[in-house]
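**Q** Sequence:
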Amino acid sequence: MTEAEYDVTLEWPDGRTETVAVEPRETVLDAALREGIRLPSDCRKGTCTACVGRVIAIEDQAGDGQPHAADAVDYRRVPRALEDSDRADGYALLCIAHPRADCRIEVGPTVRSELGDSPWG
-9 MTEAEYDVTL EWPDGRTETV AVEPRETVLD AALREGIRLP SDCRKGTCTA CVGRVIAIED
51 QAGDGQPHAA DAVDYRRVPR ALEDSDRADG YALLCIAHPR ADCRIEVGPT VRSELGDSPW
111 G
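In terms of this note's numbering, the sequence shown is residues -9 to 111.
Here are the computed lysine to any residue pairs in the SDA-like style, where the Cα-Cα straight-line distance is at most 25 Å:
| id | residue 1 | residue 2 |
| --- | --- | --- |
| 1 | Lys35 | Glu13 |
| 2 | Lys35 | Thr(-1) |
| 3 | Lys35 | Ile46 |
| 4 | Lys35 | Arg24 |
| 5 | Lys35 | Glu96 |
| 6 | Lys35 | Ala78 |
| 7 | Lys35 | Arg77 |
| 8 | Lys35 | Asp92 |
To be clear, the hints were calculated from the coordinates, so they are not data collected in a lab.
Starting from the given sequences, assemble the full structure and let the hints guide the process.
**A** Structural data, given as structure tokens:
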């Protein structure tokens, strides 16, 4: 299977949006930075929640009408700063996440405050 490029639309609480084309195996954070879009980040290893976003929509790739936010991204390594329930709720660590479909991701301080503190400090 050939890896594809996916469009990720980043949405801020003030209504601003930016869409970036994320190349195969590229992280959402790296794609945003490549396009000059600043997003918060710190560890870049998935051990903090500085870069957290929340998937709010995903393209229905399978055509079954049942896309789930947790299926929107895959990870370079285990996202230690997220619990399984956080991932199920659509939270993603953008520093290690690469998309598996076109999607919309909410970003900004509100998302991090909704998630709470990282279990890893």
